[in-house]
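Construct the entire structure; sequences and hints are all you get.
Chains A and B, in that order, give the protein sequences.
First residue of the first sequence: 1, per the working numbering; consecutive thereafter.
First residue of the second sequence: 130, per the working numbering; consecutive thereafter.
Worth flagging that the hints you see were computed from the coordinates, not collected in a lab.
A hint or two may mislead.
Some chain B residues near chain A, calculated using beta-carbon distances under 7 Å [claimed, not checked]:
id : residue
1  : PHE185
2  : VAL230
3  : ALA249
4  : ARG250
Even glycine gets a Cβ: it sits at the ideal position worked out from N, Cα and C.
Here is what each chain is made of, one letter per residue.
Protein chains: 2
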Amino acid sequence: MTMADATAPVDLLVCTTCRAGQPTDIEGPRPGTQLFEALQASDLPENVTVKGVACFSNCDSGCSVTIRGGDERWTYVYGNFTGADDAELVAEGVTKYAETVDGLVPWRERSTHFRKNCIARIPPLEIPE
Amino acid sequence: MTMADATAPVDLLVCTTCRAGQPTDIEGPRPGTQLFEALQASDLPENVTVKGVACFSNCDSGCSVTIRGGDERWTYVYGNFTGADDAELVAEGVTKYAETVDGLVPWRERSTHFRKNCIARIPPLEIPE
Numbered sequence: 001m002t003m004a005d006a007t008a009p010v011d012l013l014v015c016t017t018c019r020a021g022q023p024t025d026i027e028g029p030r031p032g033t034q035l036f037e038a039l040q041a042s043d044l045p046e047n048v049t050v051k052g053v054a055c056f057s058n059c060d061s062g063c064s065v066t067i068r069g070g071d072e073r074w075t076y077v078y079g080n081f082t083g084a085d086d087a088e089l090v091a092e093g094v095t096k097y098a099e100t101v102d103g104l105v106p107w108r109e110r111s112t113h114f115r116k117n118c119i120a121r122i123p124p125l126e127i128p129e
Numbered sequence: 130m131t132m133a134d135a136t137a138p139v140d141l142l143v144c145t146t147c148r149a150g151q152p153t154d155i156e157g158p159r160p161g162t163q164l165f166e167a168l169q170a171s172d173l174p175e176n177v178t179v180k181g182v183a184c185f186s187n188c189d190s191g192c193s194v195t196i197r198g199g200d201e202r203w204t205y206v207y208g209n210f211t212g213a214d215d216a217e218l219v220a221e222g223v224t225k226y227a228e229t230v231d232g233l234v235p236w237r238e239r240s241t242h243f244r245k246n247c248i249a250r251i252p253p254l255e256i257p258e
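Shown next as structure tokens:
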């Protein structure tokens, strides 16, 4: 494996509309928006861009993020974050992802939350054997 | 909306390793492989290609398929199919998707299974407002 392409741009997509199971009439920004804002303020690798998205249709397992990056990496959807409190956990995961060529972070290096709350993964355009 | 780009190629990705909750020692091809093979034999639009993938990490909601297609369409992950019996249901859904420019099939046109078993959706590269 070469690390040559590990600097390809990475999108960290955050569902900003997620209520994380809270009532609809809470005041202030929703948990998804709070997580989004906390991640924008986080210390992330240069090749990672945080983007807000309205609804991943994963509302039963929110808050959710999607991590993707270029034609060679797998895309991952992770769920069950609580809000801004989990920004550090997400930042750690996306930092490890951004260091890979193919998006595959070794199992032993993944946090317990990432191990247990992978909602789905989608192969790169060129599907590996 | 223009239909100009509705012929862009569509990938129908099928998890071939899915056991759909069955024991590990069943004989013959797994439910995911059976669904994959049934879809390969289905009548699908010309711009749809069926591809087998090993594991979407969505094992709690298998069998699963992912539908994607080009830079302008949303990507969808659907789950809880039982196997080859659901090939027609999947074929109907991907046919409607392949007719769209952005991947967004109107709610009223979606089957009940697709409405209730969307695992996640991921925006196109150019994230819509």
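Each hint, compared with the structure:
Hint on PHE185(B) holds. Least Cβ distance to chain A is approximately 5 Å, under the 7 Å limit. Against a cut-off of 7 Å between C-beta atoms, the interface hint on VAL230(B) is violated, since the closest Cβ of chain A lies about 19 Å away. With a least beta-carbon distance of about 5 Å to chain A, the hint placing ALA249(B) at the interface is held under the 7 Å criterion. Hint on ARG250(B) holds. Least Cβ distance to chain A is approximately 5 Å, under the 7 Å limit.
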